[in-house]
Amino acid sequence: GAGVSQSPSNKVTEKGKDVELRCDPISGHTALYWYRQSLGQGLEFLIYFQGNSAPDKSGLPSDRFSAERTGGSVSTLTIQRTQQEDSAVYLCASSPARDSSYEQYFGPGTRLTVT
Amino acid sequence: GQSLEQPSEVTAVEGAIVQINCTYQTSGFYGLSWYQQHDGGAPTFLSYNALDGLEETGRFSSFLSRSDSYGYLLLQELQMKDSASYFCAVRAHNQGGKLIFGQGTELSVKP
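Line order of the protein sequences matches chains A and B. Quick note: the first sequence, position 22, residue 13 per my numbering, numbers continuous. Quick note: the second sequence, position 74, residue 77 per my numbering, numbers continuous.
What the hints contain is simulated information worked out from the structure, not anything from laboratory work. Just so you know, even glycine gets a beta-carbon here, dropped at the ideal spot from N, CA and C. Among the clues, some could well be false.
[To be verified] Okay, the calculated beta carbon distance ranges per label pair:
| # | chain 1 | residue 1 | chain 2 | residue 2 | range |
| --- | --- | --- | --- | --- | --- |
| 1 | B | Asp55 | A | Asp90 | 16 to 22 Å |
| 2 | A | Glu94 | B | Gly56 | 17 to 23 Å |
| 3 | B | Tyr33 | A | Ser29 | 22 to 28 Å |
| 4 | B | Glu17 | A | Ala88 | 14 to 20 Å |
| 5 | A | Lys6 | B | Tyr33 | 36 to 42 Å |
| 6 | B | Arg62 | A | Glu94 | 48 to 54 Å |
| 7 | B | Tyr73 | A | Gly19 | 32 to 38 Å |
| 8 | B | Thr47 | A | Val3 | 25 to 31 Å |
| 9 | A | Ser(-4) | B | Pro114 | 33 to 39 Å |
| 10 | A | Val3 | B | Tyr73 | 38 to 44 Å |
| 11 | A | Gln74 | B | Arg62 | 29 to 35 Å |
Just need the whole structure built from these sequences, with the hints factored in.
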């Protein structure tokens, strides 16, 4: 079946512009996660959704970052007034439920470059 | 808080066995996961240890010792395609579903 998909695959934007990153999780997966990965680094947790609610937003680096999930499916991560330090690969993952989150299915990521 | 430590790089030759260690400091967690990530690719799940001991999946095995705050991933009969980054991760108690990842170990397999 279809895996996790993300769009766009690459995004180049100018400093100060807003960007929207999209994630389509595996159908039926109730849990959805956003991570950020800088070059050669580990994965940094951003936000977690269970259904449409976000019980854990602790990883969002600033109030310029926000995310929503609708219909228990698609999620959008929005970065306002982008800065150069926002450049990274943004990864989305899903799992059937919170209790099975040890096994997360990752999308290919969106590579964001802020110039 | 939680932190996981892994060696940054490991090099081995084809056909050999390599062990990638993960030591952690966490107040409590459900289990230890391992993920593989090829350059430019998405992380993919390899294994999970909920309990102490060894879990074997083909050429890969993973071990956990909660008393020693330590785990490892063992790769046998190394192949060139095993060259990738390997991450350990924990889902901590009272942290919902998020995973806390180590910084990753880059494995280079040489001919």
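Here is how each hint holds up against the structure:
At about 20 Å, the CB distance of Asp55(B) to Asp90(A) agrees with the hint of 16 to 22 Å. Under the hint 17 to 23 Å, the C-beta atoms of Glu94(A) and Gly56(B), about 18 Å apart, fit the expected range. Judged by the Cβ atoms, the range 22 to 28 Å given for Tyr33(B) and Ser29(A) holds: they are separated by roughly 27 Å. In this structure the hint that Glu17(B) and Ala88(A) lie 14 to 20 Å apart at CB is violated, the actual value being about 39 Å.
The given range of 36 to 42 Å is respected by Lys6(A) and Tyr33(B), whose C-beta atoms sit roughly 40 Å from each other. A C-beta distance of roughly 19 Å is found between Arg62(B) and Glu94(A), which places it outside the suggested range of 48 to 54 Å. For the pair Tyr73(B) and Gly19(A), the supplied restraint of 32 to 38 Å holds, since their beta-carbon distance comes to about 36 Å. For Thr47(B) and Val3(A), the Cβ-Cβ distance of about 27 Å falls inside the hinted range of 25 to 31 Å, so the restraint holds.
With their beta carbons about 36 Å apart, Ser(-4)(A) and Pro114(B) fall inside the hinted range of 33 to 39 Å. A C-beta distance of roughly 42 Å is found between Val3(A) and Tyr73(B), which places it inside the suggested range of 38 to 44 Å. Take Gln74(A) and Arg62(B): their Cβ atoms lie about 43 Å apart, and the range 29 to 35 Å is violated.
Going down the numbered hints, you'll see the structure goes against 4, 6 and 11, while the others check out.
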